[in-house]
Amino acid sequence: MRIVVCLKQVPATTSEKRYTADLRLDRAASEAVINPLDEYAIEQALRLQEAGSVDSVGFLSMGPEPATEALRRALAMGGDDATLVTDPALGGADTWATARVLATALDKLAPDVSLMGMASDDARGSLVPGAVAALRGLPLLSYGSELRIEGTAARVRRLTATGFDIIEAPLPVVASVTDQVGEPRYASLKGIMAAKRKPMETWSLADIGLAADDLHGAALTRVIEARKPEAKAPTERVENVSADEAVTRIADWLAARKLI
Amino acid sequence: MANDIAFLAEYADGAPSRSALELAAGAAELAEQSGGEPVALAYGPGAADAAALGAAGAARAVVLGDAAAPAITCAGAAAAALSEIAPMAVLAPATPNGRDLAAALIGLLNVPGFGPVRAVRVEDGRVRSEQATLQGTVITVSEPADGAPQPAVVLVLPSTFTPREGGSGKATVTPAKAGDAGPFGAARVVESHPADAKVANLEEASIIVAGGRGVGSADGFATLEELAAALGGAVGASRAAADAGWVPYQLQIGQTGKVVKPALYVGCGISGAIQHRVGMQTAENVLAINKDPDAPIGEFADLFVVGDLFAIVPKLTAEIRRRKGT
Chain S
1 MRIVVCLKQV PATTSEKRYT ADLRLDRAAS EAVINPLDEY AIEQALRLQE AGSVDSVGFL
61 SMGPEPATEA LRRALAMGGD DATLVTDPAL GGADTWATAR VLATALDKLA PDVSLMGMAS
121 DDARGSLVPG AVAALRGLPL LSYGSELRIE GTAARVRRLT ATGFDIIEAP LPVVASVTDQ
181 VGEPRYASLK GIMAAKRKPM ETWSLADIGL AADDLHGAAL TRVIEARKPE AKAPTERVEN
241 VSADEAVTRI ADWLAARKLI
Chain E
1001 MANDIAFLAE YADGAPSRSA LELAAGAAEL AEQSGGEPVA LAYGPGAADA AALGAAGAAR
1061 AVVLGDAAAP AITCAGAAAA ALSEIAPMAV LAPATPNGRD LAAALIGLLN VPGFGPVRAV
1121 RVEDGRVRSE QATLQGTVIT VSEPADGAPQ PAVVLVLPST FTPREGGSGK ATVTPAKAGD
1181 AGPFGAARVV ESHPADAKVA NLEEASIIVA GGRGVGSADG FATLEELAAA LGGAVGASRA
1241 AADAGWVPYQ LQIGQTGKVV KPALYVGCGI SGAIQHRVGM QTAENVLAIN KDPDAPIGEF
1301 ADLFVVGDLF AIVPKLTAEI RRRKGT
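Listed in order, the protein sequences are those of chains S and E.
1 is the number of the first residue of the first sequence in the working numbering; add one for each residue after it.
1001 is the number of the first residue of the second sequence in the working numbering; add one for each residue after it.
Calculated from the structure, these hints are not laboratory results.
Among these hints, one or two may not hold up.
With a cut-off of at most 16 angstroms between alpha-carbon atoms, the simulated EDC-like pairs for lysine to aspartate or glutamate come out as follows [as the list claims (entries may be wrong)]:
1. S:K258 x E:E1284
2. S:K232 x E:D1066
3. S:K232 x E:D1302
4. E:K1291 x S:E239
5. E:K1177 x E:D1066
6. S:K196 x S:D81
7. E:K1291 x E:D1308
8. E:K1324 x S:D252
9. S:K198 x S:E69
10. S:K196 x S:D80
11. E:K1261 x E:D1302
12. E:K1315 x S:D252
13. E:K1261 x E:E1203
14. S:K196 x S:E50
15. E:K1315 x E:E1225
16. S:K258 x E:D1302
17. S:K198 x S:D80
18. E:K1315 x E:E1226
19. S:K108 x S:D252
20. E:K1315 x S:D244
21. S:K190 x S:D122
22. S:K232 x E:E1284
23. E:K1315 x S:E245
24. S:K108 x S:E201
25. E:K1177 x E:E1299
26. S:K108 x S:D81
27. E:K1261 x E:E1226
28. S:K228 x E:E1130
29. E:K1170 x E:D1049
Please read all numbers here as calculations on a predicted model, not as lab measurements.
Based on the sequences and whatever the hints tell you, model everything.
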């Protein structure tokens, strides 16, 4: 039983973001981290490995060469091996192109579970897991607050509007998990040392049998404008007043906006 | 037709969800711009009655399925219907089900994906999507690349469009062609716990009173519930409050919870960390009550009251009831 966790290197949530002249994110200008929501997928995979449900855990990322750092950090948390798909033709890849590349690489790695975080911190579309499942022709188990392996099937616990369902599909599957699977572990010093000796492969597009032409120039979409958000109206502050005064101010504010 | 605008219409408990009504209005608006027709792709319990979506704006409707199965199991039928309709765009709600279906369509049809968007329009014959990315620090406008196949799949945030009121008319309904559900059909619900949490559906609420770490306990949330009741709204929470077990996770607002856009958001004892902010920053009016004058929420609230929520909220509840005469 093998899980491959897909992870993305993203700019740190709090770092400043810049766009290049051709409207792409200037990734060199920002501190890079493992997408925080992918760390939960890593944690889920490692817990399943520790529980004996899974024999091996691999990591897969697509991105420029420095993304090997994110993979090395994941290997420091645990797991067995990592693969980076990197190619100059992939700059500016959109959701579809990313899914196509990951799906093709996952077909080659052929894990029982292809696992992902529920969203990336930068784009927040949550579209890659479902698109990868579609491209691979596999069932999708998404938004799991827990993932389990039950014989030849996988199960997720998934929240609904007012409760939860347990959803099952036969292996192999593509799955995504939420931040409720448990807090991601920190890499230990021993883990960091061990990670240096774990196998890491780098694949080009040609290595997975894709050509740049298969990816429609890395995107079916294009950005035609990038700008700063509109400045919002300044905050009205109420402080150093009694509770009664604060209540009057709030009620007047609500009434002025026809909210009461 | 190449100018039609399709949308995913999710049904639950026999009625269209709020997102279905919003997207019906949105598809009608875009169809006017493109010169096509708005077409519903309806699924979920009650979807057989999709003719009624005519009043919401739809000209036609295809019923993908009306079973209480996971939404993703309709992906194959949705892809087949879209291949036949060949619309310019398909709008999907930015809910977990809507995202799953949108994602499946991108992969099944090899078409461009956009969003989640806060605005979308048809201009110069192209679908243009406006999106806040990188935690809302940048607004981008995107469109399909030259030669990209249709339809554009567009995830739409809640409250981007306003449902039509007082409409009439019936959409022409056609059932989806029976076909192989494909691999997505293999997912099935093996256990269902529909009422594990007795909570309102936050995505449907127009007023939300949210509590965070500063609420301190499950009992503290009772104070917020009274305010929410007086305002006619629902209670939400930050991840800290859900993690502490004071409220169920279904009430969590933020990056990994619900994304909401109510007319009024009241944050009580919520610091306003970026992960929470991305779930509520498009609320029309933001009121924050917090003891900490330096809480980040003070930088983006419309009205920021520095004070003890337990001193203020009960009095505020009484004052609102007095003014409303309830």
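Do the alpha carbons of S:K198 and S:D80 lie within 16 angstroms of each other, as the hint requires?
holds, 6 angstroms
Agreement of S:K108 and S:D81 with the hint, judged by alpha carbon distance not exceeding 16 angstroms:
holds, 14 angstroms
Could you grab the alpha-carbon distance between E:K1177 and E:E1299 and see if it respects the 16 angstroms cut-off?
violated, 53 angstroms
Between S:K196 and S:E50, is the straight-line Cα distance small enough, at 16 angstroms or below?
Given pair S:K196, S:E50 is violated - Cα atoms ~21 angstroms apart, limit 16 angstroms.
With the threshold set at 16 angstroms, check whether the alpha-carbon distance from S:K258 to E:E1284 stays at or below it.
Measuring from Cα to Cα gives roughly 12 angstroms; hence the hint holds.
Hint check: S:K228 vs E:E1130, CA-CA at most 16 angstroms. Holds or violated?
OK: S:K228 and E:E1130 at ~12 angstroms, within 16 angstroms.
Just to be careful, I want the Cα atoms of E:K1261 and E:E1226 compared with a cutoff of 16 angstroms; is the pair within it?
violated, 21 angstroms
Under the criterion that the straight-line Cα-Cα distance not exceed 16 angstroms, is the pair S:K196, S:D80 satisfied?
holds, 11 angstroms
Can the restraint linking E:K1315 and E:E1225 be considered satisfied, given a maximum Cα separation of 16 angstroms?
holds, 14 angstroms
Checking one constraint from the list: CA of E:K1177 to CA of E:D1066, max 16 angstroms. Satisfied?
holds, 14 angstroms
Does the structure keep S:K108 and S:E201 at a Cα separation of 16 angstroms or less?
holds, 13 angstroms
Would the hint linking E:K1261 and E:D1302 be met if the CA-CA limit is 16 angstroms?
holds, 15 angstroms
Checked against the numbered hints above, the structure breaks hints 2, 14, 19, 21, 25, 27 and satisfies the rest.
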